[in-house]
Amino acid sequence: MQIVGTILVILVILIVLYTALSCVRIVPQAHAYVIERLGAYNGTWSVGLHFKVPFIDRVAKRVLLKEQVVDFAPQPVITKDNVTMRIDTVVYYQITDPKLYAYGVDNPIMAIENLTATTLRNIIGDLELDATLTSRETINTKMRATLDVATDPWGIKVNRVELKNIIPPTEIQNAMEKQMKAERERREAILRAEGEKKSSVLRAEGHKESMILEAEAEKEAAILRAEAQKEATIREAEGQAEAILKVQQATAAGLKAIKDAGADDAVIKLKSLEAFAAAADGQATKIIIPSEIQNMAGVIGALKEVAVTDDVTKNK
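Taking my numbering, the leading residue of the sequence shown gets 70, the next gets one more, and so forth.
Careful: at least some of the hints might be erroneous.
[Said to hold, decoys possible] No more than 16 Å apart at the CA atoms, straight line, and that leaves these computed lysine to aspartate or glutamate pairs for EDC-like:
(1) K149 <-> D195
(2) K211 <-> E231
(3) K130 <-> D175
(4) K130 <-> E105
(5) K233 <-> D157
(6) K211 <-> D195
(7) K226 <-> E136
(8) K130 <-> D166
(9) K168 <-> E105
(10) K233 <-> E206
(11) K121 <-> E105
(12) K226 <-> D166
(13) K299 <-> E289
(14) K168 <-> E206
(15) K149 <-> D199
(16) K233 <-> E182
(17) K226 <-> E182
(18) K247 <-> D199
(19) K149 <-> E197
(20) K233 <-> D140
(21) K315 <-> E300
[Unchecked claim] Label pairs and their in silico Cβ distance ranges:
(22) A244 <-> L133: 40 to 50 Å
(23) K266 <-> Q163: 52 to 62 Å
(24) I259 <-> A214: 33 to 43 Å
(25) D221 <-> A244: 37 to 47 Å
None of these hints come from the bench; they were simulated from the model. Backbone N, C-alpha and C define an ideal beta-carbon position, used for all residues, glycine too.
With the hints as constraints, model all of the structure from the sequences given.
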């Protein structure tokens, strides 16, 4: 009996220790515990060490306060122009009130999924196919605003909503591919035409610049030739003037020498005859003989006749 009593005491002590330890709870970071007492909400435990009353208090729900991501399966939607497509969405949400999250809705994730599907159908129903494909940011913004308002009573805040994939029907995809191919071919033709146009313009501008450069080169060459000819003419005129000046200087020097030598009228007349003879040897066809030279010529002729008569008389 004593052994049985000892065993019972040990069991009671173990039970008490287990119960005491089970009443100690440590709430980790970014978590919250919803506590119920006798089935009713009693409070929310935040991060740290907590104690609960045995057999009366219990942890009703453990809530994760981090931002969470849920990827929903593609949902069939119909556009304004009656095109059925499938769209799958990704929702980023965060629990802001553990009490509302625990008691506001039975299955929060299913509720968000269904709410996302209905909201997406309402938004896509007002858009045509092309607008749906090009308005993802607008759709994301509208869905986030609608879901954020709808999930407030559940203690959930929707931070972002993204359209992950938009999957149109196969025939629409084929038509879109043909349209994209035609658009690429059109752009290619436009780019080719613009390239040929630019090339033609560049060639024309190059030819124009070449013609301008050639004209400028010819102009500069003509100017240089005219300047060279002008310089040659000036040099020739200067040479002729210098030659005339030298002739005049030589004539003046000769006259001065004759004057200094005391030449008489006979010598001067003789020099005149020599100049007349030099002029006669030239190419002039008409020569004007001064009267003084004519008289001198007569005198010389008479002297010549006298000389001839004397020679004849001597020979006889």
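Hints numbered earlier in the text: which of these fail when held up against the supplied structure? 14 and 21
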